Amino acid sequence: AAGVIQSPRHLIKEKRETATLKCYPIPRHDTVYWYQQGPGQDPQFLISFYEKMQSDKGSIPDRFSAQQFSDYHSELNMSSLELGDSALYFCASSLRLAGEYYEQYFGPGTRLTVT
Amino acid sequence: QKEVEQNSGPLSVPEGAIASLNCTYSDRGSQSFFWYRQYSGKSPELIMSIYSNGDKEDGRFTAQLNKASQYVSLLIRDSQPSDSATYLCAVRSGYSTLTFGKGTMLLVSP
Numbered sequence: 001a002a003g004v005i006q007s008p009r010h011l012i013k014e015k016r017e018t019a020t021l022k023c024y025p026i027p028r029h030d031t032v033y034w035y036q037q038g039p040g041q042d043p044q045f046l047i048s049f050y051e052k053m054q055s056d057k058g059s060i061p062d063r064f065s066a067q068q069f070s071d072y073h074s075e076l077n078m079s080s081l082e083l084g085d086s087a088l089y090f091c092a093s094s095l096r097l098a099g100e101y102y103e104q105y106f107g108p109g110t111r112l113t114v115t
Numbered sequence: 001q002k003e004v005e006q007n008s009g010p011l012s013v014p015e016g017a018i019a020s021l022n023c024t025y026s027d028r029g030s031q032s033f034f035w036y037r038q039y040s041g042k043s044p045e046l047i048m049s050i051y052s053n054g055d056k057e058d059g060r061f062t063a064q065l066n067k068a069s070q071y072v073s074l075l076i077r078d079s080q081p082s083d084s085a086t087y088l089c090a091v092r093s094g095y096s097t098l099t100f101g102k103g104t105m106l107l108v109s110p
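Protein sequence lines correspond, in order, to chains A and B.
Residue 1 is where the first sequence starts when you use my numbering, and the numbers rise one by one after that.
Residue 1 is where the second sequence starts when you use my numbering, and the numbers rise one by one after that.
If you're looking for bench data, these hints aren't it; they were derived computationally from the structure.
Mixed in with the good hints there might be a few duds.
As the list claims (entries may be wrong) - Calculated Cβ distances over 12 Å to all of chain B for the following chain A residues: (1) Lys15; (2) Ser55; (3) Gly58; (4) Ser65; (5) His73.
Said to hold, decoys possible - Now the stretches of chain B that chain A is said to cover, found in silico as 3 or more residues with beta-carbon under 8 Å: (6) 40-47; (7) 99-105.
Just so it is clear, the structure is predicted and the values come from calculations on it, not from any experiment.
C-beta: ideal position from N, C-alpha, C; glycine also.
Chain A with its partners taken away, still in its complex shape:
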């Protein structure tokens, strides 16, 4: 079965640079979520989109922005990178039916290292 696709899988950036992470949800899934997971930490919710509109917002820094496109893929844009942004970034997708959100399936993640 098709899974969530994320690119790139690994990214190395310097402080103050920008980064763009991409996520392609499972086909027919209409909701995308972004999570950040630091070393030894649980995944922290950043932001989600349903039908190309922001649906929920978590602990996303103002330096980060995201959007969902007409083909349902999503991009997380990160600017003025800091050392503390080094983490695994996961995208998850789910289907919404009759107002209910169903299980979230995670992509393989992007490992971002800021030097």
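Take the given structure of chain A and dock chain B to it, following the hints.
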């Protein structure tokens, strides 16, 4: 602040034994509950979802939910060394966002 609590472990069990993982949550309005398995450096993998009180079985896994006690558990029967991983309890309250516990590390020894 919605909280999900798990014992960090490690929980060590011998191969073939039953592993019991527990999770409590603070928001009484929580509607949906999930268990994810995460190997080191990999992404969370959904293994069970449960929405109503009682037990739900899927293969070697059984999820148990008690909303009155705000408690959800995962039992793994016939534990295998390949089950060694961190198990994340996740709770959804009213909307789409998942709140994760910090995970319990399970070690299954041959």
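For each hint, the structure was consulted:
1. Every CB of chain B is more than 12 Å from the CB of lysine 15/A (nearest about 24 Å), matching its label as outside the interface.
2. The claim that serine 55/A is not at the interface with chain B is violated, since a C-beta of that chain comes within 12 Å of its own (minimum 6 Å).
3. Separation of glycine 58/A from chain B is inadequate, the least Cβ-Cβ distance of about 6 Å not exceeding the 12 Å criterion.
4. Residue-level check passed: serine 65/A sits 18 Å from the nearest beta carbon of chain B, beyond 12 Å.
5. No Cβ of chain B approaches the Cβ of histidine 73/A within 12 Å, the least distance being about 17 Å, so the stated non-interface status holds.
6. Figure legend: the stretch 40-47 of chain B, annotated as covered by chain A; annotation consistent (6 residues with Cβ-Cβ distances under 8 Å, at least 3 required).
7. A count of 5 residues in the stretch 99-105 of chain B with a Cβ less than 8 Å from any Cβ of chain A is obtained; the coverage claim is therefore met, three being the minimum.
In the structure shown, a violation is registered for the earlier hints numbered 2, 3, in ascending order.
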